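Chemist: This is what each chain is made of:
There are 2 protein chains.
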Amino acid sequence: MSRKENISSSVIKRLPRYYRFMLELKAQGVERISSKELANMMRLTASQVRQDFNCFGGFGQQGYGYSVNQLHDEIESILGLDSKYGTILIGVGNLGRAVAAHMSFEERGYSLEAIFDQNSKLWGEKIRDIQVQSAEHIEDFCNKHHPKVAILCIPKEAVGDIAKRLYACGIRYYWNFSHYDLSVDYDDVIVENVHMSDSLMILCYQISEKEGNLD
Amino acid sequence: MSRKENISSSVIKRLPRYYRFMLELKAQGVERISSKELANMMRLTASQVRQDFNCFGGFGQQGYGYSVNQLHDEIESILGLDSKYGTILIGVGNLGRAVAAHMSFEERGYSLEAIFDQNSKLWGEKIRDIQVQSAEHIEDFCNKHHPKVAILCIPKEAVGDIAKRLYACGIRYYWNFSHYDLSVDYDDVIVENVHMSDSLMILCYQISEKEGNLD
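These protein sequences, in sequence, are chains Z and F. Residue numbering for the first sequence follows my numbering, starting at 904 and increasing by one per position. Residue numbering for the second sequence follows my numbering, starting at 904 and increasing by one per position.
Treat the hints loosely; a few may be bogus.
One copy or two, either will do: identical chains are not told apart, so a pair holds if it fits within one copy or between any two.
[Unchecked claim] In silico DSSO-like cross-links for lysine-lysine, where the CA-CA straight-line distance does not exceed 30 Å: (1) 987 x 1113; (2) 1047 x 939; (3) 939 x 1029; (4) 939 x 1059; (5) 1024 x 916; (6) 1024 x 1047; (7) 916 x 1047; (8) 939 x 987; (9) 1051 x 1067; (10) 916 x 1067; (11) 916 x 1029; (12) 929 x 1059.
Just so you know, the hints here were simulated from the structure itself, not pulled from any lab data. The structure presented is a predicted model; accordingly, all values stated were derived computationally and were not measured.
Make the full structure from the sequences, and use the hints.
Modeler: Written out as C-alpha cells, the structure reads:
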C-alpha cells in the first residue's frame, strides 16, 4: 500500500500510539481487528480510526476488519522505523543514562553509535556496549561516521556551544531534552523536543481546572 | 485580569513555552515587549501571539507592547503554577532519579512529598532531601498525607498493579512516563503522558520525509 502525500500532522502524531497497540495485539496473537474494537481499546471513535487509516490508503474490508500484521507493517513503514539513522548522544547525567540505556533505538529507526560527555570520570564507561567518550571527540567521530541525529541530554546553558559544533559537523536532526530552542537559531534543522517541564505545567493546568483552583 | 472560560487546548499547550520565554526576559531585565518582538524570538507570527493572548483577556496596549511581568504573572496564574499539589514519585531507576532530582516541582505547582521504590537497596537513600521508601508504604503515606498527584517512572508491566493501588488511595492525577495507557482503565483520571518513544518515532517520520526515504 503506498503512502499518500501530505498526511496531516495530527494523524502523524497519533501513529506511534496506533503502532504501540499493533505491537501489543501482535504479541497477543490477534490477527484481525475491527475499527470498533480498536477504537474501544484506544478510547477513540470508530469513525476516527477509519478516517485516520484512510489517510494512508485504508486497508480494512467492510465487515472483515483490519489485518493487524498489515497495519503494523504499514505504520512502521510510514514512520520510517525500518531506517537505521546514525545517532549520537551527548550528556550522560541521569536522564542521558536513562535514554541511552532504555530506549529501543534499533526498533525506532535509529542506530546509536556514540555517547559523549565532558566529564572525564565517565570516559570509558560502557552503556549498552558503547563506551562514553570525551565531548572533544565529537568532530573526529562525525567526520568519520557522519551521524545524522544528535540526542541532547545536556543542560540548557551547554546547548548553544554544542549545537554550533554539531551543526558545523552537518547534523540537522535533533532529539532535544533541554529547554534550548534550537529551531530559533537554525532554519534548516528538525528538532523534536521532549520538554518535560512543559508537560508538568500542562498537567498543573488540568489539575487546577478540575479542582476549581482557577479564577 | 480574569481568565476566560474555554481556552482552547492548543493555546494551553503553547502557554508553557510563552512562560519559559517570559522567565528568560525577566532574567534579562526586559520590562516590555511587543507582539512582533516576541513573535520573532519564538518563531511565531505577531498575529498568532496577539490572538493567543487575547484568549485570556489580552493585556497589550497598542503601540506600547506587553508588560513582561504582567504576562509572566498572568500565565503563571492561568497554568495554576502557584499551587502546591502534593505529589509522590514511584520508581527510582535512572529516569525516576533524573525526574526526582532535576525537575523544579515547587515552581511548577507541585510539592514532591515522597519517593517510593520496590528495591530495598534504595530505601533510605536521599534524593533532594526525600528518603526513598518501600513501595509497600504507599497506602500508609496516602492515608496520612492525601497526595493528589503520582509520577510513574516504573516499567509498563508494573503500572497496572501500582495504578490500582494509587487509584484506591484516591489519586486521580498522573504524570506517566510508562507506555501503560492509564486513561483506558480509569474514566475519571487526568493523565499527562511523557511518551519518549513516541517522540522518537515522530522524529523518525520527519527525518524519513526530509531524506526522501518514504515511498
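Chemist: Give a verdict on every hint.
Modeler: Hints, one by one, checked against the model:
no.: 1; hint: 987 x 1113; result: between (44 Å within a copy, 15 Å between copies)
no.: 2; hint: 1047 x 939; result: neither (51 Å within a copy, 43 Å between copies)
no.: 3; hint: 939 x 1029; result: neither (47 Å within a copy, 48 Å between copies)
no.: 4; hint: 939 x 1059; result: between (45 Å within a copy, 25 Å between copies)
no.: 5; hint: 1024 x 916; result: neither (39 Å within a copy, 39 Å between copies)
no.: 6; hint: 1024 x 1047; result: within (25 Å within a copy, 43 Å between copies)
no.: 7; hint: 916 x 1047; result: neither (34 Å within a copy, 40 Å between copies)
no.: 8; hint: 939 x 987; result: neither (34 Å within a copy, 41 Å between copies)
no.: 9; hint: 1051 x 1067; result: within (15 Å within a copy, 42 Å between copies)
no.: 10; hint: 916 x 1067; result: both (29 Å within a copy, 29 Å between copies)
no.: 11; hint: 916 x 1029; result: neither (34 Å within a copy, 38 Å between copies)
no.: 12; hint: 929 x 1059; result: between (40 Å within a copy, 17 Å between copies)
Hint violations for this structure: numbers 2, 3, 5, 7, 8 and 11, all remaining hints satisfied.
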